[in-house]
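Here are the chains, one letter per residue:
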Amino acid sequence: MRRAGLVALALVLAGCGNSGGTDSGTDGEVTGEITVLTQRTDIVDTVFAEYKKAFEAKYPGTTVKFEAITDYEGEVRIRMNTQDYGDVLPIPNSVTADQLATFFEPLGSVDELKDRYRFVRTEQTFEDKVYGVAITGNAQGFVYNKTVWQAAGATVPPKTPDEFLAGLQAIKDRTEAIPLYTNYKDKWPLGQWENLRGGVTGDPDAVIKLGEDTAPWAAGKEHYVFDSLLFDAVQRGLVEPDPSTTNWEQSKVLLGTGKVATMMLGSWSIVQMQQAAPNKTDIGYMPFPAQTGGAFHTVVSGDYKNGINVNSKNKATAKAWIDWFATESGYAVDQGGISPVISDQLPDTLADLTAAGTRFIELNPAPKGKEGLADKIGNEAEIALFDGDYRQKIVDAARGASKQSKDELFNDLNTRWAEAQSSLK
Amino acid sequence: MATSTHPVAPPVAQHTGTARRRPRGRALTPYLFLILPLLLLLTFTYFPVVNMIFYSLTSWRGLGPVGEFVGADNYVEIATRPELFGVFTVSVYYIAASVVQILLALYFATILSFDTRFRNLFKGILFFPYLINGVAIGMVFLFFFQPGGTLDSVLSAAGLGSLSQQWLGDPDVVNYSLAGTSIWRYLGLNFVLFLGAIQSIPPHLYEAADIDGATKWEQFRHIVLPGIRPIVGLSFILAISGSLSVFEIPYIMTGGANGSETFVIQTVDMAFKYHKVGLASAMAVVLLLIILLVTWVQRRIVPDEKVDLT
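Residue numbers (full-length UniProt numbering), protein chains in the order written: chain A, 1 to 425; chain B, 1 to 310.
If you're looking for bench data, these hints aren't it; they were derived computationally from the structure. Where is the CB? At the ideal position from N, CA and C, for every residue including glycine. Each hint should be verified, as a subset may be incorrect.
Claimed, not checked - Partial chain B-side listing against chain A, Cβ under 7 Å, derived: (1) G169; (2) G255; (3) H275.
Unchecked claim - Not everything, but these chain B residues come out facing chain A in the computed CB check (under 8 Å): (4) G62; (5) L142; (6) Q146; (7) Q166; (8) P171; (9) I211.
Let the hints inform the model, and build the full structure from the sequences given.
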């Protein structure tokens, strides 16, 4: 109720926002002040301050101001009901493709940008116009402690879910470590599992097919495969004893020191785990344990994409910042991510994936009118694929905290999915 | 001020002729003082509520132009989805906890209203939790309930180690743990309200009772309790409506996972996770109506009587 009040207030304030002004598109002169929103509250005063200096030196007469926001997704979505949401901002994930043009300035057509930047073909793109350039990119898989997996004598990397579970069992039997840490309490780490879609089958059309599928949790489907892996690991007691009191910040240290063996997280986590580990080389990364055509696959996708507020009065400078951030800031490489610039090399953090012969794929763009369909169905069905909420229920069922069996749970998900899907047609 | 019992000439008549007339500005003064608070109240309470009711009639998704007008569709959906009300069983734990909380507060307030040694220290200790920020309390109790955390350590030190269990992980225990935290947090407020009311009872009543040979229990039963009855009634109304709309503690500590979801958490998820702002607004309106109804029923059962200790 209180939040609803905030929304209302935001709407009132919208009337007082800056309206009108000259709009020269993104071609004007690069000068003046821009406000950049960021979700990186941790490094806004250190790393970002350096970026500001370098950018202002390259474009004299410009001033960059940052606004770091802790609950980025929640707060920015509400602020976007006004006109005042900075000049450059990472586009919130909850903005659907068809809403992009209402809030963001197009940066160019797909054809113009696709040879220069990764991810622009599919992500934050609508009707052949690109609205955002990724700040960095990620591969998907499991981050793990090499020493622990070696001590248990487990095969690395496992090639099937069964081999993976056998590895976790060996860790439980032969070491003191928690085999797999779910980070249940913080919820969003369970949402990371959703990024595995496409990587299990190696099919670039996986998400398009997901939107058409009437039963994604039927045996053999991608969601069945990775959600089963989670379910089975929990049911066999291969996770932390009390999931309800996990702690994200602490989990990094636990993995680094070998008290936890494995976590399912995007490749962005590698650098953070290395920083928390006494010995950087202990941290390894493995692809999802499934092979198609004799090879592992991982989907590489963009992290947040920087976009320009359609109400910005200084779009030229905003555009310059986005290009500079992608090509010259070095943000992606410093964070151990995949650079959005196509000509840049893959980062060292992904050496483990390369060594395992993993194929890196990018998902294909959805056909017109079907953009973001799978996620819309997920919201309509109150499953919210990326939220981690429904995977908390999987963990609860698997550890016997709720009275549901795996089949009941997956059938229920299938039913809700199919209902939502038909209601959206 | 019941005018019907004073059949005198209307005061207007006296103002005619030479009667002293108050300067116009002064008559307006009270209203001038009211303008600002009323304006704030309108801006931050009534306007958002009206807005919320309006959203509840739309299919707005929380971003962009307000969605299409769907009439009572959202309300129909709520009425036809009984599982949305299932979470009210969680409120039962908090209602039970609030009864315990009020009894404890009454107990402490009565003891500390007598001349107890260190009474100010104890008052401070009991009221202190209420001053702490709810988020901090959530964090503290998260560590408290962790396996091998403070609670388990204390239990094993007292030789009760066999009692320790997953305080937040076990779905049969989690709501007791959370409701317990809630008692700890809000006890201080009830306590201070009761203490204030008890201290406003004229001391000569106790003296008279002492002379008549009344025990402390009789004094409590016949002087204290009737004297603070309106405050006890108010506390119960606040406690019940608070129990129906619990949010902060379970949201911070478990995020509503593991069977600890309350109606407000469900509403927030609906609006900010599934982006069904229209439906969520309708749920908020329904909760408002339920609370108004419960309060009305309570007032009917326990009418507000004027205290008369003489």
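Hints, verified against the model:
1. Because the smallest distance between the Cβ of G169 (chain B) and any Cβ of chain A comes to about 4 Å, under 7 Å, the interface hint for this residue holds.
2. Of the supplied interface hints, the one on G255 (chain B) holds, with its beta-carbon coming within about 6 Å of a beta-carbon of chain A, less than 7 Å.
3. With its C-beta approaching chain A no nearer than about 6 Å, H275 (chain B) sits inside the 7 Å limit, and its interface hint holds.
4. Taking 8 Å as the C-beta contact cut-off toward chain A, the hint placing G62 (chain B) at the interface holds, the least distance being around 6 Å.
5. Nearest Cβ of chain A to the Cβ of L142 (chain B): about 6 Å, under the 8 Å cut. The hint holds.
6. Because the beta carbon of Q146 (chain B) sits about 4 Å from the nearest beta carbon in chain A, less than 8 Å, this interface hint is met.
7. This hint holds: Q166 (chain B) has a C-beta 5 Å from the nearest C-beta of chain A, less than the 8 Å allowed.
8. Given hint, P171 (chain B) at the interface with chain A, holds; its Cβ is 5 Å from that chain's nearest Cβ, closer than 8 Å.
9. A least Cβ separation of about 53 Å between I211 (chain B) and chain A goes past the 8 Å threshold, and the interface hint is therefore violated.
In this structure, only the earlier hint numbered 9 is contradicted, and the remaining ones agree with it.
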